[in-house]
Amino acid sequence: MTPAPDAGTVATRSRASLAAREVTLLDLLDRLLAGGVAIHGDITLAVADIDLVELSLSLVVASTATLAPADPPTLTAEAGGWT
Amino acid sequence: MDVSVYLYAITDPLAQAPGLEGLQSAPVRPLRTATLAALVSTIDRRAGIGSTADMWSHELVVEELMAENDVLPARFGTLLDDDDSARRLLAERETEFHAALDRVAGAYELSLRVMVPVPEERPSWEPGAGAAYLRAAKRRTQLADDVSRQVRRALGWLARASVIRSGRDAAHLLESAWLIDRERLSEFRERAARLNDEIDDAELVCTGPWPPYSFVGAEGPG
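Going line by line, the protein sequences match chains A and B. According to our numbering, the stretch in the first sequence is residues 365 to 447, in order. According to our numbering, the stretch in the second sequence is residues 1332 to 1553, in order.
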């Protein structure tokens, strides 16, 4: 398959503005935590799904607040509202 | 060390491992069966994962992989006991994974968010406040329906599949994901930008290309 010219990193392209970064982060969270191939059953460690996602959300709320001091209330509310 | 195998994506067995390091700076390696490969790295479970940096690590590994291959991105935080578990997973769900790879072959996911201005919330006890609230809620529903229809009409024919759902909060009217052939990405974005200019009451924000996270479930889109 030929390399696709459009497959750059989202991280690089979205540094244009804070708003774009916030939206990109939300899109990332939505996809990584709710999308993708989900593996269930005994080959998945029992600890993996729930604990990590809960941990993820609390850390994301904390880190976006640090990342975006100009506008933390909106983003924190959005990230916190995600489940 | 309490070691597990962290799963990034499932892909073609001929895929080369990305040069990037994965979570916890561990090298990413392919585990292959005859017809599939799982991209994994070894991870210390006790160290914990879940920071934004961890999520970007996961994403960047999958993005690098998807530049050259069709991929099924794994959900963040998928841990397997060991390499054999990963290979067993590929064998047990081979048919499902192949069907999913066929569905997303040659395509990427784009996100389109419909944002609306949020009026400042001032609790009001004046007469008529309840009716005003209901009117506003009705306007919002109407706007969501209208924009949803416009978006489908303008962009639907460009997509192999799409998912549109209500936004998470007041500012996000709609969230949507679109599975787009690689050669149509630019056209989709241009048309989305044009549509954004035409719509007065809302703003369309497009991001991507993403790995096809929203289109790899066993049940198809959704």
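If you're looking for bench data, these hints aren't it; they were derived computationally from the structure. Quick caveat, the model's predicted, so the values are computed rather than measured. Among the clues, some could well be false.
[What the hints assert, rightly or not] According to the in silico footprint, chain A covers these stretches of chain B (three or more CB under 8 Å from chain A):
id	segment
1	1348-1357
2	1387-1394
3	1400-1406
The beta-carbon is built from N, C-alpha and C at its ideal position, and this holds for glycine as well.
Against the structure, the hints:
1. 1348-1357: violated (count 0)
2. 1387-1394: holds (count 5)
3. 1400-1406: Check passed, 6 qualifying residues.
Of the numbered hints stated above, the single one contradicted by the structure is hint 1.
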